[in-house]
Structure formats: C-alpha cells, structure tokens
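Kindly produce the complete structure, drawing on both the sequences and the hints.
These protein sequences, in sequence, are chains A and B.
Those letters in the first sequence? Residues 46 to 338, per this note's numbering, in order.
Those letters in the second sequence? Residues 175 to 414, per this note's numbering, in order.
Note that these hints are calculated values from the structure, not bench results.
The model shown is predicted, which means the values in this text are computed figures rather than measured ones.
All residues carry an ideal CB built from backbone N, CA and C; glycine is no exception.
There's no promise every hint is true.
Stated by the list, open to error - Straight-line alpha carbon distances no greater than 25 Å define the calculated BS3-like cross-link-like pairs of lysine-lysine that follow:
{"id": "1", "chain 1": "B", "residue 1": "Lys-286", "chain 2": "A", "residue 2": "Lys-208"}
{"id": "2", "chain 1": "B", "residue 1": "Lys-389", "chain 2": "B", "residue 2": "Lys-230"}
{"id": "3", "chain 1": "B", "residue 1": "Lys-230", "chain 2": "A", "residue 2": "Lys-208"}
Stated by the list, open to error - Stretch-level coverage of chain B by chain A, calculated; a stretch enters the list once three of its residues show a Cβ under 8 Å from a Cβ in chain A:
{"id": "4", "stretch": "231-244"}
{"id": "5", "stretch": "262-268"}
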Amino acid sequence: MSLFLTQLMNGIGNGAVYASLALALVLIFRTTGILNFAQGEMALYSTYLFWYFTDRGLPVVVAILAAMALSFIGGALVERVVIRPVEHSSPLVLVIVTIGLFLALNSIVQVQFGSDIKTNLPRAYPKHTWRPGNVQISADTLVLVGMLAVVCVLLYLLFQRTKIGLAMRAVASSSESARLSGVPVGQMLMFGWGLAAALGALAGVLVIPQIGLQASSMQSILVFSFAAAALGGFDSPVGAVVGGLIVGVAEALTTQYVHALNGIVLIVPFGLILGVLMVRPQGLFGRRTVERV
Amino acid sequence: MVLLSVEDLLVTFGGVVAIADLSFTLDEGQICALIGPNGAGKTTLFNCVSRLYEPKSGRITFDGHELLRMPAYRIARLGIARTFQNLALFPALSVTDNVLVGGYAQGKVNAKRRAEARDILERLSLDHLADRPAVGLPYGTLKRIEIARALAGRPRLLMLDEPAAGLTHSEVDELSELVRALRDEFHLSVLLVEHHMAMVMSISDKVVVLDFGGKIAEGTPEETRANPRVVEAYLGAPAS
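Structure follows, in structure tokens:
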C-alpha cells in the first residue's frame with residue numbers, strides 16, 4: 046500500500062509538470078487555434094538560458110525569473126515573426142511551421158550550448174524526502190504541485206479579473222468581433238504566446254534538473270503533455286490540469302506495476318491519445334464544436 | 175454638423191463592382207437609413223467603415239479623421255460601434271463580459287466600468303441575464319446584447335445592420351422605439367441598414383437608397399418614397 050501511495054505521489058509530481066506544459070499548449074490553442082509542437086523545445090531553450098545564467102554565477106531564483114522574462118519576450122517574438130505571416134493558412138501549414146520551429150530550436154541549442162549533457166544545474170531548493178508512515182514524498186513533488194497551484198491561481202486571476210484577460214478571452218471566443226470592439230488582436234496573440242513560453246520555462250527549469258539537461262530532455266515530456274491536453278480537451282485549462290495529473294499518475298503506476306512495459310512507458314501517453322480520439326475526441330472537459338455548413 | 179462623410183467610394187471584388195462612386199453624409203444626431211435590394215452594397219459599406227474591407231478608392235471621414243488610414247481596432251476608439259446581420263458576439267463569454275469587451279477602448283476594467291455595463295444591461299432589460307454565457311440565448315435577446323456591447327464603447331456613431339431581421343412585429347415596434355430613445359439618451363448618430371420599411375420610414379431622418387452599388391436617391395423618408403427610381407428599383411419598371 047505504501048509503495049502504491051509513494052508512486053501515486055511521484056505521479057502527481059510529474060503530472061504537475063505535464064499539466065503546466067499542457068496549460069501552455071491550451072493557452073496557445075485557444076487563442077490561435079494552433080497545436081504548438083515546439084512548446085517543449087521552447088521550454089528547453091529557456092532551461093538552457095537558466096543554465097547559462099547560473100553558470101555565470103547568478104543566484105538560482107534570479108536566473109529562473111530572468112529565463113522566464115526572456116522566454117516571454119521570445120514567445121511573443123515567435124508569434125509575431127514566425128506565426129503571424131502564416132496565421133490564416135491551413136492547419137497543415139501551421140503544424141508544419143511549429144514542427145519546423147521544433148527542429149530549429151533543437152538544433153540551435155546544440156550549436157549554441159553544445160550537445161553534451163549538462164549535469165551541473167543548481168537546484169532551486171534542497172533535496173529532501175519526507176516519510177509519513179512508509180510513504181515517500183519528495184521535495185520535488187511538493188514544489189511541482191505547489192508551482193502548479195500558484196500558476197493556476199495566477200492564470201485564473203489574470204483571465205477573470207484583468208482587462209487583458211478579458212480581451213484574451215474575447216479573442217479566443219471570436220477574434221474578428223474582438224478586433225471590431227477595439228481589441229488589438231495581434232498584441233493579445235503575442236501576449237498569449239509570451240505567457241505560454243514563460244509557463245513552459247517555469248516547468249522546464251523545475252523538472253530538467255532532475256533528469257539532466259540535453260537537447261532531447263523535453264521530448265518525452267512534450268508527448269506526455271500532449272496526451273494530457275488531448276485527454277482534458279485542448280480548449281479547456283481545467284482539462285489540461287486534470288489531464289496532466291491523470292497522465293502523470295498513469296505513467297508512475299505503469300512503471301511500477303506493469304513490468305512488460307519497462308523502457309517503453311511512452312506507450313502510455315500514446316495509448317491515452319488514441320483512446321481519447323476514438324471515444325471522446327473533444328476530451329474530458331472540451332467543448333464539442335458544431336460547425337454550420 | 176457632418177459627422178460621417180463618404181466620398182467617391184469604390185469597392186470591387188475581383189471584377190464585381192460592389193460599391194460604385196458612392197457619396198453621402200450623415201449629420202450629428204441623425205438617424206440615417208441605407209436601403210436597397212439585396213446585394214446593393216449596404217453591408218459592404220458598413221464593412222468599409224469598420225475597416226474589414228479595403229475600398230479601391232475614395233475617402234471616408236469621421237469627425238475629421240481619415241478612417242481608411244487606420245487599422246480596424248482603432249475604429250472603436252474613435253467612437254464607432256456596430257452590430258452584425260449575423261450576430262458576432264462572444265458565445266463563450268458571459269453577457270456582462272461581452273458588454274465589457276465592447277468598452278475595451280474606454281480604459282481599465284474597474285468598478286466604474288462594471289457599473290456602466292450593469293446600467294446598460296438594465297436599460298436594455300438584460301440585467302437578469304448578466305452572468306449567463308451568451309451561447310444559447312434567444313435570437314432577439316442576442317441582438318439586444320449586441321446593441322448593449324456597442325453602447326459600452328460610448329460610440330458617437332452606432333451602425334445597426336438589419337436589427338429587425340428575424341424579429342416579430344411587436345418586437346420590431348419595440349426596437350424602433352428603442353433606437354430613437356437610445357439616440358436621445360446616448361447622444362448618438364445612427365446609420366441603419368434595414369429591409370423592414372415600416373421601421374425605416376418611421377424612425378429615419380434621412381434615407382439613402384442604393385441599387386447595384388450606386389446611390390439612386392437620398393432625402394427624407396417622404397421624398398424617397400415618392401421617387402420613381404426608388405419604386406423602379408424595388409418593384410421593377412412599369413410595362414409600357
């Protein structure tokens with residue numbers, strides 16, 4: 046039983062990472078209708094920035110904030126420079142553009158920072174494990190879950206209580222009407238991409254120190270996050286969080302109890318995506334879109 | 175005083191001329207109706223003023239500003255708001271939020287702005303729906319929400335695109351009353367596209383008649399009704 050609970054806690058910790066990256070995916074999908082395959086590599090780049098700053102001697106917290114701020118600017122620039130010129134193209138074109146961005150960022154980090162594994166990433170908090178009963182709860186889990194909770198509250202306040210949040214919801218609901226009501230839609234889209242990039246940066250700097258930083262660090266995490274967003278529904282922030290936690294727990298329990306899948310745990314998110322697409326394509330919390338013909 | 179002036183406007187889609195050398199003016203405080211058969215270019219004109227369509231040539235000035243030199247989102251800030259023939263609300267947002275977005279150009283969303291939004295909803299008898307999402311509400315209600323959203327931008331010019339379409343007879347009478355009352359209460363000028371002739375004739379100060387993208391008549395409701403070219407456009411030429 047305590048083993049089960051320990052794995053459950055680990056799963057929830059990982060799930061918090063998938064949830065925050067899934068939130069970033071949902072943020073971009075809701076405002077621009079784009080599945081951003083480059084989301085993981087954007088977070089990867091942010092984490093390299095974090096590594097670079099700490100390597101130059103900046104305190105950890107300052108380095109995190111600096112990486113998030115630069116990621117915000119970078120995300121906004123990506124929207125303006127890469128996405129805007131093709132925003133009215135077919136979904137296929139947009140998918141290819143974000144995959145191109147994925148490959149480009151992945152190559153850039155290797156050229157810019159080297160392709161070796163960086164293991165000297167400082168931690169933002171000490172390593173510690175609590176043992177209430179026989180259950181093990183690591184500081185990683187608590188920090189990740191706490192981070193997710195704070196992010197959710199901040200995003201809720203942003204979207205429900207501020208003018209910019211209102212404008213972003215309006216753009217997500219109908220960008221043409223928003224423009225006619227005087228909302229500068231382009232600026233809102235840049236803001237949305239910036240926000241998603243900063244969110245991904247936060248997830249990256251918290252999770253990558255546990256697994257080591259290299260060019261492929263974010264790839265399996267991105268697959269799990271996509272599964273989370275698909276499970277929860279790509280247009281639902283609540284769905285992203287619930288989906289992320291479910292995927293994290295499913296991963297941890299599969300690793301522990303289904304030995305046949307050792308080493309190929311990625312089958313879990315792929316199976317979930319497939320299952321969701323067959324049974325409930327809009328996801329658990331997504332809204333079914335009805336198109337008028 | 176002239177508030178909106180359209181000069182020599184030419185709009186083409188490929189080889190099709192949608193508006194041909196159209197000129198007219200709207201005075202401050204006026205209710206001006208644009209009428210004409212389907213395809214005459216009425217909604218096209220609205221879309222030019224909203225900066226959705228790019229005219230080939232011509233000028234549109236509003237209170238001294240050249241509209242055709244501005245991006246779409248700046249139009250609302252100048253004081254021009256509109257409603258749509260096919261509703262264009264934000265279905266996922268609550269009725270109050272829809273109205274608040276309409277006032278986007280007015281600055282911060284604070285208690286004062288929320289109070290204004292509440293007042294507008296009350297004025298249009300929508301206050302009981304304030305927290306409902308717009309999706310799923312009846313058609314006539316959605317049309318009033320669109321007017322509420324437009325009013326939240328404190329417009330000087332309100333453009334209504336077929337506000338009476340799809341409404342029942344009694345609703346149309348109410349709407350006519352409402353448009354006149356709102357004009358006086360909110361110090362508006364109104365540009366109206368409408369097929370419902372009884373409404374047009376009862377509330378307009380001025381009527382501009384379009385046919386095939388060109389203006390064929392302009393004047394008071396009485397003058398245009400008596401104009402033979404207008405009768406011809408609507409009913410066809412008499413057999414001789």
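Hint check:
no. : hint                  : result
1   : B:Lys-286 - A:Lys-208 : holds (13 Å)
2   : B:Lys-389 - B:Lys-230 : holds (17 Å)
3   : B:Lys-230 - A:Lys-208 : violated (36 Å)
4   : 231-244               : violated (count 0)
5   : 262-268               : holds (count 6)
Taken one by one, the earlier hints fail for this structure at numbers 3 and 4, listed in ascending order.
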